[in-house]
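S.K.: Now for the letters of each chain:
There are 2 protein chains.
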Amino acid sequence: MVKPVEFWFEFASTYSYLSAARVEDACAEAGVPLVWRSFLLGPVFGAQGMNDSPFNMYPVKGAYMWTDMERCCADLGLSFVKPSSFPRGSLLAARIAAAHGDAPWVGAFVRAVYHANFADDRDIADDAVVAAIVDEIGQDSAAVIAAATTPEGKAVLRGATEEALERGLFGAPSFIVDGAMFWGNDRLEQALAHARAA
Amino acid sequence: MVKPVEFWFEFASTYSYLSAARVEDACAEAGVPLVWRSFLLGPVFGAQGMNDSPFNMYPVKGAYMWTDMERCCADLGLSFVKPSSFPRGSLLAARIAAAHGDAPWVGAFVRAVYHANFADDRDIADDAVVAAIVDEIGQDSAAVIAAATTPEGKAVLRGATEEALERGLFGAPSFIVDGAMFWGNDRLEQALAHARAA
Chain A
1 MVKPVEFWFE
11 FASTYSYLSA
21 ARVEDACAEA
31 GVPLVWRSFL
41 LGPVFGAQGM
51 NDSPFNMYPV
61 KGAYMWTDME
71 RCCADLGLSF
81 VKPSSFPRGS
91 LLAARIAAAH
101 GDAPWVGAFV
111 RAVYHANFAD
121 DRDIADDAVV
131 AAIVDEIGQD
141 SAAVIAAATT
151 PEGKAVLRGA
161 TEEALERGLF
171 GAPSFIVDGA
181 MFWGNDRLEQ
191 ALAHARAA
Chain B
1 MVKPVEFWFE
11 FASTYSYLSA
21 ARVEDACAEA
31 GVPLVWRSFL
41 LGPVFGAQGM
51 NDSPFNMYPV
61 KGAYMWTDME
71 RCCADLGLSF
81 VKPSSFPRGS
91 LLAARIAAAH
101 GDAPWVGAFV
111 RAVYHANFAD
121 DRDIADDAVV
131 AAIVDEIGQD
141 SAAVIAAATT
151 PEGKAVLRGA
161 TEEALERGLF
171 GAPSFIVDGA
181 MFWGNDRLEQ
191 ALAHARAA
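Protein sequences, first through last, are from chains A and B.
Residue numbers for the first sequence follow UniProt numbering, beginning at 1 and rising by one.
Residue numbers for the second sequence follow UniProt numbering, beginning at 1 and rising by one.
The following block holds chain A by itself, in its conformation from the complex (with noise of 0.2 Å):
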């Protein structure tokens, strides 16, 4: 019996992007269902005493970062230009994601966001770019962004964060599969072979 894989990202995550450039197209040639999860990292690096992207905390390490999403963006064939500015508030675009987290629209969505602030450097913590995203997939921003700002499409979210901090997660992208976490990129491929294996 194939489980879902949970896929939990952060817009303003570095390696969310690479695999939320893949995980629908791999969840399908694997005959895995995917299951879009929006979360906050914030919280969830403050639960560990950390108020920065360790990115930032740890410059040597940052630095790294940078010059490896250069090589694995280039290795998938993905467009990449480091941002101006990091890490970028993702609050409207968290809350769209996981109010909206069923839409068929949702893979379109969470893709343009990251290419957005990864390929475009486009400020996603500024709403009138988020709505012009919206409207870029074809969606009607007004309507979208109605239904993730009403006091239960907020709901969503903060529920979706507190789950993660409950479940240990402690870092994005991280995909759940069987009640089993995978941490980063680099574990998509063991994820859809326990989904497969479940």
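Treat the hints as calculated values from the structure; they're not laboratory data.
Just so you know, these numbers come straight off a predicted model, no measurement behind them.
Just so you know, not all the hints are guaranteed correct.
Straight-line C-alpha distance at most 16 Å; calculated EDC-like pairs for lysine to aspartate or glutamate [said to hold, decoys possible]:
1. B/82 x B/70
2. A/61 x B/166
3. B/61 x A/135
So the derived list for chain B, only partly shown, Cβ under 8 Å to chain A, looks like this [as the list claims (entries may be wrong)]:
4. 48
5. 51
6. 58
7. 60
8. 61
9. 64
10. 71
11. 73
12. 91
13. 168
14. 183
15. 186
The beta-carbon is built from N, C-alpha and C at its ideal position, and this holds for glycine as well.
Using the hints provided, position chain B relative to the given structure of chain A.
M.R.: Only chain B this time, still in chain A's reference frame:
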């Protein structure tokens, strides 16, 4: 012109075990020369303001690491037992691997030390255990240790650790190819590709 892969490793490092087990075969298969570079991770972590393994500093991440090690070892067909002490001191073993880095038996020694630490839970911080390992790979432990612990022998490891800091290493395993750094067992294939393209 194929460039060599410098394999920078620390015997206390879990993920270095994965690379140590496969780097010699992987280089041979790719037609890439291999250079063994033993160094100490403690001063490198210290330069980043860390006085312990990050896996101990961030326990949630550390717990995941052990699960990930189990899975990765299973994928590679490697024995694995979580060590009863972590991280273990590695000074004598690191001095031997540094001072005898060009010896034809250095690969066998490196693999045997990692196997002792991460498969057999032997205390590689104990000089008698290290001596036994040298004997087990068919070398004369008295002569090997004597050469590695002269002032000149000790200077090799000290110089390598200083070089690691100067070249921007921040963790292990790391690979350096033609001046480019690749971090982590997951990047061995990128390093090999870079060596063949250089």
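S.K.: Does each hint hold? Answer for all of them.
M.R.: Tested hints:
no., hint, verdict
1, B/82 x B/70, "holds (8 Å)"
2, A/61 x B/166, "holds (14 Å)"
3, B/61 x A/135, "violated (38 Å)"
4, 48, "holds (5 Å)"
5, 51, "violated (14 Å)"
6, 58, "holds (5 Å)"
7, 60, "holds (4 Å)"
8, 61, "holds (5 Å)"
9, 64, "holds (6 Å)"
10, 71, "holds (6 Å)"
11, 73, "violated (12 Å)"
12, 91, "violated (24 Å)"
13, 168, "holds (6 Å)"
14, 183, "holds (6 Å)"
15, 186, "holds (4 Å)"
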